[in-house]
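Student: Go ahead and model the full structure; you've got the sequences and the hints to work with.
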Amino acid sequence: MGQINQKYVLAVLLVALVCVPLILTNNYLLLVATLIGIYIIVNCGLDIVFGYSGQITLGQAGFYAIGAYSSAILSIHTEIPVIFCMIFGGLLSSFLGMLVAIPSVKLVHHFLAMVTIGFGEIIRLLAMNGGELTGAADGISFIPKLNLFGYVFETVGSYYYFVLACVVVFLVIKHNLVTSRVGRAFRSIRDDNAAAAAFGINVRRMKVTAFTVEGFFGGFGGALYAHLVGFISPETFALQQSVIFLTMVLLGGSGTLWGPVIGTVLISILFEALQPFGQVQMVVYGLIIMVVIMFLPRGIAGTLNDRFNRQNSKKLELSSDAS
Amino acid sequence: MQFFIQLALGGLMVGAIYALLGMGYSLIYRASGLLTFAQGDYFMLGAFLTFTFSVLVGLPFFVVLPLVGALMLGLGFLTERVLIGPLIARGSGPIYIVLATIGLSIFLQNMAMIIWGSQGFHVPSVMGDMPMKFGDIYVVPQNLAIVFITLGIMVALHIFMNKSKVGTALRAAAQDKMAAATLGINVVFAIGLTWGISVGLAGIAGLLIAPIFGVTAHMGLLVGLKGFAAAVVGGYGSIYGAVIGGFLVGLIEAFSSGYIDLSFKDVVVFGVLLLVLFVRPEGLLPSPALEDL
Numbered sequence: 001m002g003q004i005n006q007k008y009v010l011a012v013l014l015v016a017l018v019c020v021p022l023i024l025t026n027n028y029l030l031l032v033a034t035l036i037g038i039y040i041i042v043n044c045g046l047d048i049v050f051g052y053s054g055q056i057t058l059g060q061a062g063f064y065a066i067g068a069y070s071s072a073i074l075s076i077h078t079e080i081p082v083i084f085c086m087i088f089g090g091l092l093s094s095f096l097g098m099l100v101a102i103p104s105v106k107l108v109h110h111f112l113a114m115v116t117i118g119f120g121e122i123i124r125l126l127a128m129n130g131g132e133l134t135g136a137a138d139g140i141s142f143i144p145k146l147n148l149f150g151y152v153f154e155t156v157g158s159y160y161y162f163v164l165a166c167v168v169v170f171l172v173i174k175h176n177l178v179t180s181r182v183g184r185a186f187r188s189i190r191d192d193n194a195a196a197a198a199f200g201i202n203v204r205r206m207k208v209t210a211f212t213v214e215g216f217f218g219g220f221g222g223a224l225y226a227h228l229v230g231f232i233s234p235e236t237f238a239l240q241q242s243v244i245f246l247t248m249v250l251l252g253g254s255g256t257l258w259g260p261v262i263g264t265v266l267i268s269i270l271f272e273a274l275q276p277f278g279q280v281q282m283v284v285y286g287l288i289i290m291v292v293i294m295f296l297p298r299g300i301a302g303t304l305n306d307r308f309n310r311q312n313s314k315k316l317e318l319s320s321d322a323s
Numbered sequence: 001m002q003f004f005i006q007l008a009l010g011g012l013m014v015g016a017i018y019a020l021l022g023m024g025y026s027l028i029y030r031a032s033g034l035l036t037f038a039q040g041d042y043f044m045l046g047a048f049l050t051f052t053f054s055v056l057v058g059l060p061f062f063v064v065l066p067l068v069g070a071l072m073l074g075l076g077f078l079t080e081r082v083l084i085g086p087l088i089a090r091g092s093g094p095i096y097i098v099l100a101t102i103g104l105s106i107f108l109q110n111m112a113m114i115i116w117g118s119q120g121f122h123v124p125s126v127m128g129d130m131p132m133k134f135g136d137i138y139v140v141p142q143n144l145a146i147v148f149i150t151l152g153i154m155v156a157l158h159i160f161m162n163k164s165k166v167g168t169a170l171r172a173a174a175q176d177k178m179a180a181a182t183l184g185i186n187v188v189f190a191i192g193l194t195w196g197i198s199v200g201l202a203g204i205a206g207l208l209i210a211p212i213f214g215v216t217a218h219m220g221l222l223v224g225l226k227g228f229a230a231a232v233v234g235g236y237g238s239i240y241g242a243v244i245g246g247f248l249v250g251l252i253e254a255f256s257s258g259y260i261d262l263s264f265k266d267v268v269v270f271g272v273l274l275l276v277l278f279v280r281p282e283g284l285l286p287s288p289a290l291e292d293l
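Residue numbers (this note's numbering), protein chains in the order written: chain A, 1 to 323; chain B, 1 to 293.
Treat the hints with caution; some may be incorrect.
[Said to hold, decoys possible] Listed next, the stretches of chain A that the computed footprint assigns to chain B, with coverage defined by at least 3 CB atoms under 8 Å from CB atoms of chain B:
1. 118-129
2. 238-246
3. 282-289
4. 293-304
These are calculated hints, taken from the structure and not from any lab test. Beta carbons are placed, not taken as given, at the ideal position from N, Cα and C, and that holds for glycine.
Tutor: In structure tokens, the structure reads:
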């Protein structure tokens, strides 16, 4: 019953999302909607490391930057089709994620947080000092648009559909990954390191795997961003961006399929609404993080899940009483 | 040689600032077993309070110093009582408390921007801005003062922690809360006071640096991270390690900006931080950075 309901809800949601460009005629709002899609992809990757594997990471903006810069540079200086540049951006970011993860997964939370911050900062500083290749502080402009089978995604509206398709693909990948054997291994590591190891899980290798996956999600998201906006500069990839990503996951509910999606949408809308107030925007942001951790530590999706499960278990208790 | 000495002096000066922040990281780690991301922002706040009291209000330096110190101490105490303590009490995982301090950091930084604006401010030094000349070498008096004040604070902290009754209580509370409580030590107060001291140190660092680098709302971010680097390099949780680490990080930064390239100094510092965490996570002195098997 629940299964069927869920399918209907998803179908309705998808139809609604397909209709968005028809309703949102305002180009700016459509851009925001497309960005939300990109953030969802990035945050799904982040959630695999943070929510499912329980490893703190604040280097998401670094992965995002690697994907954006490598795809932009490749598509400007070579003839390689943009779609392959994007995939390359994802793969490179994934590879670097693995390289960083191998020596750092042995560290406890706060040290790991610092390593990932250091990683993100180094990437940003390299972009800042990369000379002609990265355009230093000016960044890279005139990044070519995506071109698929001769069709150029010139307008934001058309690109929105491409991003939407990517979001669906990445959500399916995430769903399949976290419900697989690997996903269960991730969760067991999050819940108890030693117990996971005792059950024969190679803890370090699993953590490296999580970071490698995160790198691909983040890098591909960055590439999507670069070819959407057509301009990138180091400012976009500051530590603040990593914190924003993490807040989205945290508010929505980490370690759930829909949590990061909900959080991304809510925070993005809130962000746009607070835009006219300037600095207050970030003050509210800081407050949200503290309040959520104080009162809603499992996020929106997590809290809803808990409530749902409690009701279900009550029903179970009742029926077992009856029998 | 002259260039070398000049760089070394500059390195020691910023190193002293990192050392002050690093000591705070280590104290907090020993008291609550946590990392805080707000140290850099308390450092910034200390600088802004200095600017407010000495430039806007016009108080003399010898009033400003204890005033800023006391205010920051109170703020640190409050942070622990209002935010960190309750989170620990309800059993939140360390990962979430670390995130809460990140939220606090964003909050403080942007509040400062709302209150004081986003432009930079200048704070005149009590010792004057004219450099003194020793042979070929120029030394700004404030720089020397920073190094000596830091060393002085370290000695004072050592005496306070090891010889005084309150300091002994703080160490006991950090080591074993239950045992300390049974011996009649007010553990809640002790942990709060430790946070107060840590934040106070960061505030004093901000006060000292204000005449040299000026005051902006963003000044805390990089310094906060480098203060952490100092604590890690020296051995996380050790106060003396943090001081040694602070001077080391300062010197590395100064020499890499002098001999390699100014714009790469931060890359080098973070590179060293990562290298230390990868190769020798326990730092120069032993500490518990490793998690699994």
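Student: Of the hints stated earlier, which fail here?
Tutor: Of the numbered hints, all hold.
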